[in-house]
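Undergrad: Taken in order, these protein sequences are the chains called A and R.
For the record, in the first sequence the residue sitting at position 215 is 222 according to the numbering used here, with numbers rising by one throughout.
For the record, in the second sequence the residue sitting at position 212 is 1258 according to the numbering used here, with numbers rising by one throughout.
Hints are computed from structural coordinates only; laboratory data are not their basis.
Take the hints with a grain of salt, since some may be wrong.
Unchecked claim - Listed next, the in silico DMTMM-like pairs over lysine to aspartate or glutamate satisfying Cα-Cα at most 25 angstroms (straight line):
#1 R:Lys1522 / A:Glu101
#2 A:Lys111 / R:Glu1396
#3 A:Lys19 / R:Glu1507
#4 R:Lys1522 / A:Asp119
#5 A:Lys366 / A:Asp338
#6 R:Lys1556 / R:Asp1438
#7 A:Lys335 / A:Asp230
#8 A:Lys19 / R:Glu1396
#9 R:Lys1320 / R:Glu1396
#10 R:Lys1522 / A:Glu116
#11 A:Lys202 / A:Glu189
#12 R:Lys1522 / A:Asp160
#13 A:Lys366 / A:Glu290
#14 R:Lys1522 / A:Glu135
#15 R:Lys1320 / R:Glu1346
Stated by the list, open to error - Here are a few chain R residues that face chain A, going by a calculated C-beta distance under 8 angstroms:
#16 Gln1499
#17 Gln1500
#18 Thr1504
#19 Leu1505
#20 Glu1507
#21 Met1510
#22 Met1512
#23 Gly1513
#24 Gly1515
#25 Leu1517
#26 Leu1527
#27 Ala1530
#28 Ala1533
Since we're looking at a predicted model, the values are computed, not measured.
Glycine residues also receive a C-beta, built at the ideal position from the N, C-alpha and C atoms.
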Amino acid sequence: MVSLTLQGITRKFGDVTAVDDVSLEIARGELFFLLGPSGCGKTTLLRLIAGFYAPDAGSILFDGQEVTRRPPHRRNTGMVFQNYALWPHMTVRENVAYGLVLRKVPPSEQNDRVAEALRMVRMERYGERSPNQLSGGQQQRVALARALVIRPDVVLLDEPLSNLDARLRLEMRDEIRRIHDETATTMIYVTHDQKEALSMADRVAVMDTGAVAQTGEPRSIYDRPANAFVADFIGETNFVAGRLTRLDMPLAVETPVGILHSTIEPAEDLSPGDEVVCSIRPEAIRVSRPDPTGGEEENVLSGVVRQTVYLGDHEQYSVQLDDGTLVKLVDHRPGQRLAGPGAPIRLSCDPSRVVVIGKPG
Amino acid sequence: MNRTRFDLSDLTPGVIAILGVLVLFFGLFLFYPILHVLMNAFYTDEQFSMEFFGLMLQSPVQQRALLNSFELGIVTTALTTIISLPMAVALVRYDFIGRGLLGGLALVPMIMPPFVGAIGMKQMFARFGSINLFLLESGLIDAPIDWFGGGGFWGVVILEALHLYPIMYLNIAAGLANVDPSLEESARNVGAGGFRLFRTITFPLMLPGYFAGAIIVFIWAFTDLGTPLIFEFREVVAVQIFNMSTDVHGNPLGYALVVFVVLVTLALFYLSKKFFGGRHYEMVARGHVTSASKRATSFETVLIWGMLLSITGIALIPHLSVVLTSVTERWFMTVLPSDYTTAYYGQIFEHDLTLLSIRNSLWLSVMSTAIDIVLGVAIAYLLTRRRFPFRDTLDAVAMLPLALPGLVLAFGYISGFSGTVLDVRISPVPLLIIAYAVRRLPYMVRAAYAGFQQMSVTLEEASMNMGAGPLRTLWKITMPLVLANIAAGAILSFSFAMLEVSDSLILAIKEPYYPITKAIYSLMGRITDGPYMASAMGMLGMVLLACSLLFTGKVLGKRMGQLFKV
């Protein structure tokens, strides 16, 4: 198990810059996620760490040791491929034992470790099968066992669940998290599925067109997106555009629908007068009723309900604000409808849930 | 992510070394001989001249030879078209009982080189051969018919057509299968049907496939050496070149003839690329297209069975005649042999010439196959796994020998390497091995290419990730997974090398070096037991080729057809 340091990694394919000056620190034993839409460079970054590509610039360090030019077979990483890549001419056991044979592990120890790895992924009864006789989920588990058995310095998972059906995917999420906690190995996990990342990760790096847009724990990524891309890519959000009028706490943003206050420190360098957007999650907006104590409410927005969608455990509302902006909100106790289409409505949200972001572009 | 055509980081020293070897090999044994012939044809006394072409065109013998060869090519192509077109339509477009069986049977005639068939056919269709005797005895004719009229022209045409129609059929079938059924459906939708539909929509769309097959058939017939030799139909380009190959220094006409053959070949391929190249690929690119086939009515089924069985039946007559001849003790003025014997099969293993030739062929073919395996696997690996400059060029060069007549290559070797250590007068062995290897390399490349392509690169990456170096990965993962394909390609290369005709006839100039095919040819010159022993030898070759084709078909399945396409 190692810590990883990536310093200014850049990798081009012809004219396309797949990975653009990426620097990351990944701690020992961390379950670290690379999250982003397809084509954002996350798989390329993983393959650079595995050694299948060499970077055009930058360096990769395992525990402070330079490995940038080391060939893949001398990096001691354990990779789980998107298509599993089990060798069809070997049994499950032979697949798993392959890395141990290469490491000249004595046969008796090999047997123990293969059995142990298969047990860990709950495939101990399938050792003599051929990979072709296994289901997708089972192949996935074998691929995981094969990567784990060599006790790699870091486990690399390339969209490991993308070929499984929805139910199996949920099950395998728990499995991988459990195996991570059991082995305490450093793992880097590539996915485009934000739910996978939010639910499993210790930390996440969100990637956009080759660069890291934000790194942080799932909670901070969701609650305090550093820029419009992250806010938009992770979960759903409402953007209300305006101009920053005060940089001291609480921040104030003048918008066509009134002044919005925020108590969240912006991630970017902003100065008063800048064009900004306020990102407000749908679940942060609530329907405002006149305060019986007569206290003044903050961040009040008024508009007209345009559409409601009832989904059992929650109900979604589309509201058109006075300036025409559409915002979404969710009511998590949809016992009865708050207001029907066409009805005027007053909304409000807590300043601690309004994120001020520099206007993109 | 692999959008670029090449990546300099793929140009490792190993890859550069392999590319270097390939450039050297193809340069020396493919391009140099051809260039040498070109130079000698155009330069006399250090001066550019077209003199030989004038000589070639003025000589009445050469004129007739050229005309005859063109006629052979055209008539053979026409005949194979007539045979293969209905066959392909029936087998691709109709679904009927026994479709797979009949489709397989249709390919069986390929198992024998036509010049071996010619030996048997001469026995059967000779002036007083079985067929004439049968017809005379039954009173149907009064005088023997000259079956191979025109000095053997028709004999050559029929044997070549019967041998080559499977190649034409495979190409037409592939062309037909590539025609998107929705294109026909939309034509039907606007009111075209029956023959009109075929003429206006289906045929133009399958034309690229047809043309690819037609070119192979034409060039084959145009340059075939063995069959005209057996029929003693000597006024054809191939035989003229063969005669002149023994005297490359004295008679410069051979160069001009070879250049002529090269030009004809080039012109045909240029035309096909120009008119069909682009379209061909568009059609293939839509890989999901599967041609819809129609369930045949019972009447249609009977019709199709009748047609396919009679074609295959007729095509197997030469084979049958060879079998008969090989077990004939006495066959003189009777319909069937009057006495049978298996003695010739024993004799071929005792007789010096035959035994030596079997040994020579085995040894030469093993060596050439070994070269093919090494080069073919390396080329296929580079083409599927690495990005480097001039990839397409390597692909094209490796496939070039499919289009290049063996005759041209052999003549180029004789003349180009004369006076060097590789001179055939010292020993033809190195050049025979190399000629076989170059000629059969495309089969090996295609077979290995298919294997590598089927195999996901991540299987290799997973192995490296587990700690195996590139060589161990190649040995433990890649090789076992493409072994079946390599074996199929190797066996095919081997058996075609065993039965290679034109290279063997031209290059093996001394009896101790005769391979099987040249021994058969030389046996034909012996009046007494020559044809019988030649037939027995031919049978050996036939069995060998049949077994290897069966095995290859098993391994490659539907992709078998790709081996015979340009």
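Undergrad: If any of the earlier hints don't hold here, list their numbers in rising order.
TA: Result: hints 2, 5, 6, 8, 9, 15, 16, 17, 25, 27, 28 break, sorted rising.
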